[in-house]
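Engineer: Kindly generate the complete structure, drawing on both the sequences and the hints.
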Amino acid sequence: MKPALQTYAAARRARVFSHMLAWLRAGARGMPAEMRSCLLDYPSRGGKALRPLLLCLFGEGLGADADRCERLGAACEIFENWALALDDMMDDSLLRRGKPAIHRVYGRESAMNAMAALTGIVPPLLYRSCRLTPRLYGPVMEQFYASLREALSGQQLELAWRPRPLRDFTAGDYFRIAARKTSSYTTVGPARLGALLAGRGDLFPAIDAFGLALGKSFQLMDDILDVESAGGGAFGKALGNDLLEGKKTLLAARALLRLKGAERAWFLSFYAPGRRRGRRDALRARRLILGSGAVADCRARAAALSARALAVFRGRLYPEMRSPFRDHIAEFVLMLKERAA
1 MKPALQTYAA ARRARVFSHM LAWLRAGARG MPAEMRSCLL DYPSRGGKAL RPLLLCLFGE
61 GLGADADRCE RLGAACEIFE NWALALDDMM DDSLLRRGKP AIHRVYGRES AMNAMAALTG
121 IVPPLLYRSC RLTPRLYGPV MEQFYASLRE ALSGQQLELA WRPRPLRDFT AGDYFRIAAR
181 KTSSYTTVGP ARLGALLAGR GDLFPAIDAF GLALGKSFQL MDDILDVESA GGGAFGKALG
241 NDLLEGKKTL LAARALLRLK GAERAWFLSF YAPGRRRGRR DALRARRLIL GSGAVADCRA
301 RAAALSARAL AVFRGRLYPE MRSPFRDHIA EFVLMLKERA A
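The numbers in my numbering rise by one with no breaks, and the one at position 134 of the sequence shown is 134.
Please note that a few of the clues may not be correct.
Ranges of calculated distance between the beta carbons of each label pair, as one might list FRET restraints [as the list claims (entries may be wrong)]:
| # | residue 1 | residue 2 | range |
| --- | --- | --- | --- |
| 1 | Arg25 | Pro165 | 43 to 49 angstroms |
| 2 | Pro165 | Arg29 | 34 to 40 angstroms |
| 3 | Ala160 | Ala303 | 28 to 34 angstroms |
| 4 | Leu21 | Tyr127 | 39 to 45 angstroms |
| 5 | Arg25 | Leu283 | 37 to 43 angstroms |
| 6 | Gly291 | Lys99 | 28 to 34 angstroms |
| 7 | Arg322 | Leu268 | 49 to 55 angstroms |
Here are the computed lysine-lysine pairs in the DSSO-like style, where the Cα-Cα straight-line distance is at most 27 angstroms [as the list claims (entries may be wrong)]:
| # | residue 1 | residue 2 |
| --- | --- | --- |
| 8 | Lys260 | Lys99 |
| 9 | Lys2 | Lys337 |
| 10 | Lys48 | Lys247 |
| 11 | Lys337 | Lys48 |
| 12 | Lys337 | Lys99 |
| 13 | Lys48 | Lys99 |
| 14 | Lys260 | Lys247 |
| 15 | Lys48 | Lys2 |
| 16 | Lys247 | Lys337 |
No wet-lab data here; the hints were simulated from the structure.
Note that this is a predicted model, so its numbers are computed, not measured.
All C-beta atoms in this analysis are idealised placements derived from N, C-alpha and C, irrespective of residue type, glycine included.
Structural biologist: This is the structure we're talking about:
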């Protein structure tokens, strides 16, 4: 990351987290102590705040007020932590940001209850604390929750594949999940919210094309990092987190196409619905994926998707935006493609 973008991102992240933690502490006042602790746990662990950063870059780049962008970005970061907690509980994940997943600290029922409480905190935040004008409040609220619905719909598509065999899972299935679960709230949603704050809803078609490609690339890279991770790391991933849960990914599907004989049969059995997967088996599956050439194939696909996103941005959005934000966004795209654990 270039120094100018690094400085900008650090400043926005600091203010986003300051707003978010202050709002959550106020919203949790009067709750039982364990519930307050659970509510603040993931937000207090930090994070890269990529979604608020993209919102701020688009909003400020199109002329929106910086403080309003940061405040709305803080609301998005609350949603991000809620979504991570929900995902971790569904997947029975081990780690999040280098520490035990929230349900492993507080218990599944307490964690679910605390996350449910967040749904009662966010709407008043959008109304009172994000400093939205009456004209903006309705469209922003609609977009905020449209992203939520899309992300949960994508999660349902992913859940529907759990009882189905890996051999039936196609690239089309993978990208349909990624478009709804990842693009909707990681790239398209934040960029749309930034444009709304600037009164540039006319740019939604270009933003959708940009964000859809970038979100798919982001998800591919996330899956690659999960398989390549040796445990811990900057993203706080346990070794083979996706492998241990038998998650259907394009990496796994591409590896299966390349495996032969006994290795292919074992790999299919590893992903069989209902199978109990231990660390030793996850390590073996990891070795098969890494040795199959599937990682290189998926990296190439991610690079192509990032290139498509960048082409859309430069052709349809860059001319509409102010400097230095438009150059920051171009660098942001490259940063996501090249990120490493």
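Engineer: Does the alpha-carbon distance linking Lys2 and Lys337 stay inside the 27 angstroms limit?
Structural biologist: It holds: about 15 angstroms lies between the C-alpha atoms, which stays within 27 angstroms.
Engineer: When you check the alpha-carbon spacing of Lys48 and Lys99, does it fall within 27 angstroms?
Structural biologist: 16 angstroms, holds
Engineer: Starting from the range 28 to 34 angstroms, see whether the pair Gly291 and Lys99 falls in it by beta-carbon distance.
Structural biologist: 31 angstroms, holds
Engineer: Between the beta carbons of Pro165 and Arg29, is the distance compatible with 34 to 40 angstroms?
Structural biologist: Violated, since Pro165 and Arg29 (Cβ atoms, about 49 angstroms apart) do not stay within the stated range.
Engineer: Just to be sure I understand the hint, the distance between the Cβ atoms of Ala160 and Ala303 should be within 28 to 34 angstroms; is that true here?
Structural biologist: Taking Cβ atoms as reference, Ala160 and Ala303 lie about 29 angstroms apart, which means the hint holds.
Engineer: Does the alpha-carbon distance linking Lys48 and Lys247 stay inside the 27 angstroms limit?
Structural biologist: 24 angstroms, holds
Engineer: What's the verdict on Lys247 and Lys337, does the C-alpha distance respect the 27 angstroms limit or exceed it?
Structural biologist: 22 angstroms, holds
Engineer: CA of Lys48 to CA of Lys2, is that 27 angstroms or under?
Structural biologist: It holds: about 16 angstroms lies between the C-alpha atoms, which stays within 27 angstroms.
Engineer: Lys337 and Lys48: Cα distance at most 27 angstroms?
Structural biologist: The given pair, whose Cα atoms are some 15 angstroms apart, holds under the 27 angstroms limit.
Engineer: Can you let me know if the beta-carbon spacing of Arg322 and Leu268 is within 49 to 55 angstroms?
Structural biologist: Since Arg322 and Leu268 have Cβ atoms about 53 angstroms apart, the given range 49 to 55 angstroms holds.
Engineer: I want to verify a distance hint. Is the separation of the beta carbons of Arg25 and Leu283 within 37 to 43 angstroms?
Structural biologist: 41 angstroms, holds
Engineer: Is Lys337 close enough to Lys99, meaning Cα to Cα at most 27 angstroms?
Structural biologist: 25 angstroms, holds
Violated hints, in rising order: 2, 4, 8; the structure is consistent with all others.
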